[in-house]
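Keeping their order, the protein sequence lines are chains R and G. In case it helps, my numbering puts the first sequence at residues 1 to 354. In case it helps, my numbering puts the second sequence at residues 1001 to 1354.
Don't read these hints as lab results, they were simulated from the structure. Yeah, the Cβ is synthetic: ideal placement off N, Cα and C, and Gly gets one too. Be aware that one or more of the hints could be misleading.
Stretch by stretch, here's where chain G covers chain R in the computed footprint (C-beta under 8 Å, at least three residues) [unchecked claim]:
| id | segment |
| --- | --- |
| 1 | 119-127 |
| 2 | 203-215 |
Residues on chain R that point at chain G, a partial pick, calculated with CB under 10 Å [unchecked claim]:
| id | residue |
| --- | --- |
| 3 | 172 |
| 4 | 229 |
| 5 | 303 |
Away from chain R, derived, C-beta distances all over 12 Å, residues of chain G [what the hints assert, rightly or not]:
| id | residue |
| --- | --- |
| 6 | 1035 |
| 7 | 1048 |
| 8 | 1102 |
| 9 | 1158 |
| 10 | 1162 |
| 11 | 1220 |
| 12 | 1228 |
| 13 | 1272 |
| 14 | 1295 |
| 15 | 1326 |
2 protein chains.
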Amino acid sequence: MSDLKNDTFLRALARQPVEYTPVWMMRQAGRYLPEYRATRAKAGDFLSLCKNTELACEVTLQPLRRYALDAAILFSDILTIPDAMGLGLYFAEGEGPKFRKPLKTDADVDRLAVTETSRDLPYVTDAVSLIRRELNNSVPLIGFSGSPWTLATYMIEGGSNRDFTLSKLWLYNHPERLHRLLDKLALSVTEYLNAQIAAGAQAVQIFDTWGGVLSDQAYRHFSLRYMEKIIAGLTREADGRPVPVILFTKGGGQWLEDIAASGCDAAGLDWTTDIARARARVGGRIALQGNMDPAVLRAAPEVVEAEVERILSLFGRGAGHIFNLGHGITPDINPDTVACFIDAVHRLSPSFHP
Amino acid sequence: MSDLKNDTFLRALARQPVEYTPVWMMRQAGRYLPEYRATRAKAGDFLSLCKNTELACEVTLQPLRRYALDAAILFSDILTIPDAMGLGLYFAEGEGPKFRKPLKTDADVDRLAVTETSRDLPYVTDAVSLIRRELNNSVPLIGFSGSPWTLATYMIEGGSNRDFTLSKLWLYNHPERLHRLLDKLALSVTEYLNAQIAAGAQAVQIFDTWGGVLSDQAYRHFSLRYMEKIIAGLTREADGRPVPVILFTKGGGQWLEDIAASGCDAAGLDWTTDIARARARVGGRIALQGNMDPAVLRAAPEVVEAEVERILSLFGRGAGHIFNLGHGITPDINPDTVACFIDAVHRLSPSFHP
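Extracted from the complex, chain R is given alone in its bound form (with noise of 0.2 Å):
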């Protein structure tokens, strides 16, 4: 058993009782501090910057030097499979991510090969085994995936489209060939995820950003059931601790119940969500990450600290609750600003704790 000196955020995943409650944000390695643009200035582009070992170790470290996060999060796009499967990642100046080369038939899916990390991935388990070291067991550190029908968005659609015409068109009119694309996902996802483990990751997220477009039926059927495949084939342990698995659905609020019979050992929660009602839905069944709007940031520090102080009283007293936004931090946001945020979580969280 790894002797980590914080292992706050790995107790409160398993519900066991903690002294405050752990905070970290999505994206925290990113564009609103100066030092992460000076290093994605020196690296070039977003791709070569997660693609360069020593660079991507250091961004994920730099939130950390700032702030007394309880975790940190392996620096990494969720599009690297994709990208290994050969469809040309790149990213447009101020227009996300796009592909060169769109799946558009049968073919394109039938052609897809499963990724395997070792072969096609090496510089994301390089990046964990780095970062590992880095950390020096200071806190434990989280990898993570996009979930199989985020990726199938972006393989379809060729980048960001907000109205998923065309992913949705597959899902209505070719459910079998988005199932197969899926089912080829999952097992790229599976395999990823447990080469992070294997390499030193101590905890997994998958990210599903676009499961929350789908209709219920859908989200079951083309996310859920996928997520839960990933989650069935996953190391869930190493180094003698559980490796828990966090499931975030944006705008997954109304599937609380399902998400929580996903084999999950948390869900992430969006600010939609009213975390009291949240934690009465899943018994205590699983865990609850969230859930601040990260546009609070932008407030006063005594409106930010006035809403930390609301979303712990929601929650309540008790294990089970890790801090953290309801979607990534924006690039706008003062660094200060999220001083006095993280300071918030851990100042006003302990009369929460026995």
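Starting from the known structure of chain R, arrange chain G on it as the hints suggest.
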């Protein structure tokens, strides 16, 4: 009491027995219809079309000539009130609505005058009267307005902004200023909907398009509260018939119990909500309107029919369901598929009614 030939829609809203499930579509008068595009070209731009009584009436009636819809809805824009308040609404091609003079300061809010329809928006009630005459009691006419919060987002952002950066900054950092704005908007919307009812609207819908981007608490304080005020101030009977109110918060599925307690007669559901669970949650207190994903209309006729059947079955037997899409129909839909959709609702639904 008006001698409506088809009052199925109004009876379903009152949760009274019907022979089949009534259906209409949000944005049913829209760009997917070639005759709409022709009329719009004649009018010039979108706003001129809204402000031209005869042409607004014409496009309102167009979908009813093609399809056996159970209700007409006034053709207008949700942003007529802010436009009448002097913000200068315009539509930049491919960019959605914009305001020349977005709100920036306390003084900007203080300067706004509550609108009075007969003085500031006569073209809207003129259109309602003309449409009622032309409908000749065939089906009921729905009036509508945007919700105060939804209107406020456009007025503050100056247009569409998926991150709601400035409107959330007001919400968190200047809540009193936002409340003053929402108060004025709630008064304007109340008077506006009452004027539509006086002119002949037989039901009204409040479009809370952006309520779903708020946190649970912010939704209740900054959106739902103002819709409750509006509902409390509405004329609820005309021509010896109740005038029902439909409240549609896109992304509001988690707050259905709160919505059901708002005083509305029906809640609009987007496609993310399981309508069977929704029915159980509201327990017959209100009717439900929805909730097929508009993306289904891009699929083959048999897929559309299967989805209609699935939603009818989920709602189950009995009164209180108005079939609709979960959001507006998009411009790329084939009008023949719409025919198949409306027909499927009418053909498949009688078996769910006495």
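Hint-by-hint comparison with the structure:
Three residues within the 8 Å Cβ limit are the bar, and the segment 119-127 of chain R against chain G gives 0, so the coverage statement is violated. Only residues whose beta carbon comes within less than 8 Å of a beta carbon in chain G count, and the segment 203-215 of chain R has 4; three or more means the coverage holds. The closest approach between the C-beta of residue 172(R) and any C-beta of chain G is roughly 4 Å, which is under the 10 Å cut-off, so the hint is satisfied. Annotation: interface hint on residue 229(R) violated; nearest CB of chain G at approximately 22 Å, more than 10 Å.
Interface restraint check for residue 303(R): the shortest CB-CB distance to chain G comes to about 5 Å, inside 10 Å, so the restraint holds. At roughly 24 Å from the closest C-beta of chain R, the C-beta of residue 1035(G) stays outside 12 Å, upholding its exclusion from the interface. The beta carbon of residue 1048(G) sits about 27 Å from the closest Cβ of chain R, which is more than 12 Å, so the claim that it is off the interface holds. With a least beta-carbon separation of about 17 Å from chain R, residue 1102(G) lies farther than 12 Å from that chain, consistent with its non-interface assignment.
Every CB of chain R lies more than 12 Å from the CB of residue 1158(G), the least distance being 17 Å, so the non-interface label holds. Residue 1162(G), annotated as away from the interface, has a beta carbon of chain R within 12 Å; the closest lies near 7 Å. The claim that residue 1220(G) is not at the interface with chain R is violated, since a C-beta of that chain comes within 12 Å of its own (minimum 10 Å). Residue placement check: residue 1228(G) keeps its beta carbon more than 12 Å from all beta carbons of chain R (closest about 18 Å).
A beta-carbon of chain R comes within 12 Å of the beta-carbon of residue 1272(G); the shortest separation is about 6 Å. With a closest Cβ-Cβ approach of about 4 Å to chain R, residue 1295(G) is found to fall inside the 12 Å limit, against its non-interface label. For residue 1326(G), the shortest C-beta to C-beta distance to chain R comes to about 8 Å, within the 12 Å cut-off, and the non-interface label is violated.
Violated hints, listed in ascending order, are 1, 4, 10, 11, 13, 14, 15; each of the other numbered hints is respected by the structure.
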